[in-house]
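Taken in order, these protein sequences are the chains called A and B.
In terms of the numbering used here, the first sequence has 125 at position 125, counting the first letter as 1, and numbering is strictly consecutive.
In terms of the numbering used here, the second sequence has 14 at position 14, counting the first letter as 1, and numbering is strictly consecutive.
Some hints here could point you the wrong way.
[Stated by the list, open to error] Restraint-style ranges between C-beta atoms, simulated for each label pair:
1) A:105 / B:25: 39 to 47 Å
2) B:86 / A:109: 31 to 39 Å
3) A:141 / B:8: 19 to 27 Å
4) A:65 / B:15: 28 to 36 Å
5) B:75 / A:54: 45 to 53 Å
6) B:64 / A:58: 39 to 47 Å
7) A:132 / B:46: 28 to 36 Å
8) A:65 / B:89: 16 to 24 Å
9) B:15 / A:94: 35 to 43 Å
Keep in mind that the hints were calculated from the coordinates and are not lab data.
This structure is a prediction, so every number in the text was calculated from the model and none was measured.
Ideal Cβ placement from N, Cα and C applies to all residues, glycine included.
Chain residues, written in single-letter form:
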Amino acid sequence: MADPTLPDPTLPDPTSEPPPTGPRRILIALYLIFAVAATARGIVQLATTFHAAPLAYTLSLCSGIIYIGAAVGLVTSRWWSRRLAWGACGTELVGVLVIGTASLIDRAAFPKDTVWSRFGSGYGYFPLLLPLLGLMWLWYSRPGADD
Amino acid sequence: MIDPLAYALVAAGLVLGIWCGIQGYRKLPTNDPLMIGAIVLEVGLLVQSGIGIARLQSAHLAEPVTFLAYAIGILLPLPLGFFLARIERTSWGSNTLGVTAAVAGVMTLRLLQIWRSGLG
Chain A
1 MADPTLPDPT
11 LPDPTSEPPP
21 TGPRRILIAL
31 YLIFAVAATA
41 RGIVQLATTF
51 HAAPLAYTLS
61 LCSGIIYIGA
71 AVGLVTSRWW
81 SRRLAWGACG
91 TELVGVLVIG
101 TASLIDRAAF
111 PKDTVWSRFG
121 SGYGYFPLLL
131 PLLGLMWLWY
141 SRPGADD
Chain B
1 MIDPLAYALV
11 AAGLVLGIWC
21 GIQGYRKLPT
31 NDPLMIGAIV
41 LEVGLLVQSG
51 IGIARLQSAH
61 LAEPVTFLAY
71 AIGILLPLPL
81 GFFLARIERT
91 SWGSNTLGVT
101 AAVAGVMTLR
111 LLQIWRSGLG
């Protein structure tokens, strides 16, 4: 299926720098995986054991929704896409830093882990890495960036 | 779940991930063996999820819903990587497929954990 938003894929020559569409694909894959993982986790936890840790589980679901937002922002190419991606990636970075720090300081408030607890150590620190990668890509691929 | 199958799938996921990574490092798009490898791995995951879900009732897991979510969720990354590698005919396509293959391998490990913890 051809993506109408992308330039002709036959153009880039292998000796030059990789085209900016490439990193975006890998980000799309990672964000979609995390969107599904975090959302599913949030829904399962809220549905089965809401009383155990309402704050943590609600946060899991929220993080999942934010990952979905970032993924939508990366997949689409509308006027609001980049804004959505900036907003979602920025929120994630703040979220993982705040929740990560809070979960270390006040363990009692987070008896059950969320995706963002301890800076996402349960997920190989990808929750911390992912927004950084997303923001980096948004910055380097911004309109008007020098080629 | 069947332990040898699960371990084979973990190994296959990681090997495919590394193989794709090498292909990406060499600035090459995915080739046929890699795509076939991804399909074989996905079939293995399907068989595993099928067996796991079929045995779910008799297994008396502590977290059956979580297991079910993982058993279905584990099937998603590879088709996504496959699709993205098809449209991205550069080294980034290889990297993307590699990441999704490794994710599938790691998720298999988690699936096995959930299965074991429930059996007690």
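The hints, checked one at a time:
1. Taken as a hint, the range 39 to 47 Å holds for the pair residue 105 of chain A and residue 25 of chain B, whose Cβ atoms sit roughly 40 Å apart.
2. Hint check: residue 86 of chain B to residue 109 of chain A, Cβ distance near 45 Å, so the stated range 31 to 39 Å is violated.
3. Under the hint 19 to 27 Å, the C-beta atoms of residue 141 of chain A and residue 8 of chain B, about 39 Å apart, miss the expected range.
4. The hinted window of 28 to 36 Å between residue 65 of chain A and residue 15 of chain B holds, with their beta carbons roughly 34 Å apart.
5. Taking the beta carbon of each, residue 75 of chain B and residue 54 of chain A are about 30 Å apart, not inside 45 to 53 Å as hinted.
6. As the Cβ distance of residue 64 of chain B to residue 58 of chain A is approximately 23 Å, the hint placing it in 39 to 47 Å is violated.
7. Distance hint for residue 132 of chain A and residue 46 of chain B: a CB-CB separation of about 34 Å, consistent with the stated range 28 to 36 Å.
8. For residue 65 of chain A and residue 89 of chain B, the Cβ-Cβ distance of about 33 Å falls outside the hinted range of 16 to 24 Å, so the restraint is violated.
9. Range check, residue 15 of chain B to residue 94 of chain A: Cβ separation about 37 Å, and the 35 to 43 Å hint holds.
Checked against the numbered hints above, the structure breaks hints 2, 3, 5, 6, 8 and satisfies the rest.
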